[in-house]
Structures are given as C-alpha cells and as structure tokens.
Amino acid sequence: MKLTLVTGLTGLILLATIVELLRRRQLREKYGMLWLGVLIIVIPLSLFPRLLDNVAELLGVASGVSLVLFLGIIFLLLVCVHLSWEVSHLEEETRTLAEDFALLRTEIDADRAARDELVRTDG
Amino acid sequence: MVNGKRVLIIIPAFNESGSIADVVGEVRGELPGVDVIVVDDGSADRTAAVAAAAGARVAKLPYNLGVGGAMRVGYRYARDHDYDVAIQIDADGQHDPRYVPKLVDLLDETDLVIGARFAGEGDYNVRGPRRWAMVMLSGVLSRVAHTKLTDTTSGFRAANRRVIDMFATWYPVEYLGDTVETLVHTARRGYTIRQVPVAMRKRMAGTPSHSPAKAMIYLGRAFAVLTLALIRR
Numbered sequence: 492m493k494l495t496l497v498t499g500l501t502g503l504i505l506l507a508t509i510v511e512l513l514r515r516r517q518l519r520e521k522y523g524m525l526w527l528g529v530l531i532i533v534i535p536l537s538l539f540p541r542l543l544d545n546v547a548e549l550l551g552v553a554s555g556v557s558l559v560l561f562l563g564i565i566f567l568l569l570v571c572v573h574l575s576w577e578v579s580h581l582e583e584e585t586r587t588l589a590e591d592f593a594l595l596r597t598e599i600d601a602d603r604a605a606r607d608e609l610v611r612t613d614g
Numbered sequence: 002m003v004n005g006k007r008v009l010i011i012i013p014a015f016n017e018s019g020s021i022a023d024v025v026g027e028v029r030g031e032l033p034g035v036d037v038i039v040v041d042d043g044s045a046d047r048t049a050a051v052a053a054a055a056g057a058r059v060a061k062l063p064y065n066l067g068v069g070g071a072m073r074v075g076y077r078y079a080r081d082h083d084y085d086v087a088i089q090i091d092a093d094g095q096h097d098p099r100y101v102p103k104l105v106d107l108l109d110e111t112d113l114v115i116g117a118r119f120a121g122e123g124d125y126n127v128r129g130p131r132r133w134a135m136v137m138l139s140g141v142l143s144r145v146a147h148t149k150l151t152d153t154t155s156g157f158r159a160a161n162r163r164v165i166d167m168f169a170t171w172y173p174v175e176y177l178g179d180t181v182e183t184l185v186h187t188a189r190r191g192y193t194i195r196q197v198p199v200a201m202r203k204r205m206a207g208t209p210s211h212s213p214a215k216a217m218i219y220l221g222r223a224f225a226v227l228t229l230a231l232i233r234r
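Going down the list, the protein sequences come from chains A and B.
Numbering follows the numbering used here, in which position 50 of the first sequence is assigned residue number 541; successive positions increment by one, without gaps.
Numbering follows the numbering used here, in which position 30 of the second sequence is assigned residue number 31; successive positions increment by one, without gaps.
Please keep in mind that the hints were generated in silico from the structure rather than gathered at the bench.
None of the values given here were measured: they were computed from a predicted structure.
The beta-carbon is built from N, C-alpha and C at its ideal position, and this holds for glycine as well.
Any given hint could be a false lead.
Unchecked claim - Take a look, some chain B residues computed to stay more than 10 Å from chain A by CB distance:
| id | residue |
| --- | --- |
| 1 | Phe15 |
| 2 | Lys103 |
| 3 | Met167 |
Claimed, not checked - Just so you have them, the derived chain B footprint on chain A, three or more residues with Cβ under 8 Å:
| id | segment |
| --- | --- |
| 4 | 584-590 |
| 5 | 596-603 |
Based on the provided sequences and hints, a complete structural model is requested.
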C-alpha cells in the first residue's frame, strides 16, 4: 500500500509539472502532449501495478512490473534518439542561418565600400 | 577572368591570420582579374580583417561551422554572383595558385577537377595508418567516380556552374564531408570528376599531426565516413 502511494504521488507530481510547464509556455505543445500521453498510461499503472500481469504472462515475462520497467527503458531510449534527431535538425537550421548572415554581411560590406568609393570620387 | 571565364577563388579560413595575407596576396598576384572570397569560419583572431586588408572579399561566419559550412558559403556566393568557375584553395598556403589555369582548362569537359598530390608532381609522403586510409579512400572513390583518383582529401578543387549550383544547396558539414562525401555525391549525380597532378608546398603556418594514435583514429573515421556516404541517398 505504501509503495502504491509513493509511485502514485510521483506520477501526479510529474503530471502537475508538465501541465504547469505547458501553462507557462516553457514546453512546446508537441513535447508536452507526448509527456501527458505517457503519464496517462503510467499513473494508472503506478496505482494498480498488477494491471499488466495478463499482458506480461502472454509475452512470457514473469511479472507485470518487469514489463513496465522494460517498456520504460525502451521508451526513454526512443525519446533520446528523437531528441538527437531534433538537435541535428536544429543544427542544420542554425547552420543555414549563420551562412545567410555571413553572406548578408558580405553584401553590406561591398555596398558600403562602393558607396565610400563613390563619395571619394565625387567629392 | 581566366581563359574567358569568371573565376571565384574560395578560401575557407579558421584562425589563419598568420598565413592568409600571403595566400590572398599570392593568388591576386598570380591571377589578376580573379575574385577572391575568404570565408572566415568564426575565427577568434584577426583572420577576417587581415584578409580584407589583403584585398579579398570576406564572408565572416558568426561562429565556427566547420569546413563544410564555410565552403557552402563560398559556393552560394559563387552561384548568387553568377561565376562560371569556383575554385577552393586552403588557407595554409600549401596550394600553388599557378596551377589554377590548368584546373580551369579541364572544366570544359569535366564538372569537377581535383588538384592531386601523389600523381607524379612534387614530393609529398605519408606513411602508416594515414597512408592506408588514403589508399582505401582513393581505391573506393576511383571506382565510384570511374576515374583514377589518388588524392581524395585534397582541398584544391575547381567546379563548373553545374557543380557550383549543386554545392550551393548541398554541402555536408560533417567530418571529411567536404572531401569524401562530396566526391561520392558528385559522382552519383552523374557529374564527371578528374584529377590533375599538382605539387604541394610546405604549409606556411600550422603543423600537421604525426601521432600514430591520431592516424589510427583518422583511418577509422575515414572508413566510417566512406561507408556512410556510400549507403546514403
């Protein structure tokens, strides 16, 4: 009973944290929804850990709790891969921005030099 | 103008204030009528200012992107300003600009020309894992490109309009991407590649690494990059 209380409370605190982050616009909706979805599955499981026992038996896993642990690790791995993918994408975007910026600065320098030249020849 | 073509020399530079002025000066001296753009890859020193004072156009990146990022800036500039030929030269002074007309001449029948060491001219020697890496790269890339390539990591290259257009939109920024992966990509897209022998000089500044451990790591990375390039689209 004590364990159920600990896991259940943890789940609820996480839920509150995510909702609060979303409310303050600190978390993009796409990530917020992902974590909310996860918590909706995890909180019932934390309250009733025997819930997955039937599925576990079907897959040959001794207890539902082990199955949850296994799925949890797989899920976290996938999240990490997803974040690496997002970072790669972001790096590509910032690279293009940096290049655009460098090229614009070159154009401005060229314009300024041309204008200075014009002023010098006129005056 | 070189042989009636508008030529842009692209020099990617990262903390090369020691040699960049000499390199730009030599290029402008040997090749009058050629435009030079130095792409400062987020240097902490005065590379950009020194290059500008030496008479080059300068594109200064806000932070270090790696050679690939600097090169794409150069090719984008070449495309936007309608150059016929873009030539990349290293900022350390090991490439002799007197070979440029030779490279440009070959662009009539070829899309990408590489100035290559180990191809008969000059004396340039490498041993150990670094040598194995070069042998592996040139072996595989020669097959991919259907031409004999002996120096696939050479940063001395000339590109015509077709390749400029491609490099302006697609240029890898990762390790060895500027050499190995561009070659695979270029060959796969049906562009022709050829090499001309050039003599390399001692670098004006900076020292190449000679540690065996680093050479082994280089071999491993070269293998990984090559494999990735071959299985990529």
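Checked hints:
no.: 1; hint: Phe15; verdict: holds (13 Å)
no.: 2; hint: Lys103; verdict: holds (29 Å)
no.: 3; hint: Met167; verdict: holds (16 Å)
no.: 4; hint: 584-590; verdict: holds (count 3)
no.: 5; hint: 596-603; verdict: holds (count 4)
In this structure, every one of the numbered hints holds.
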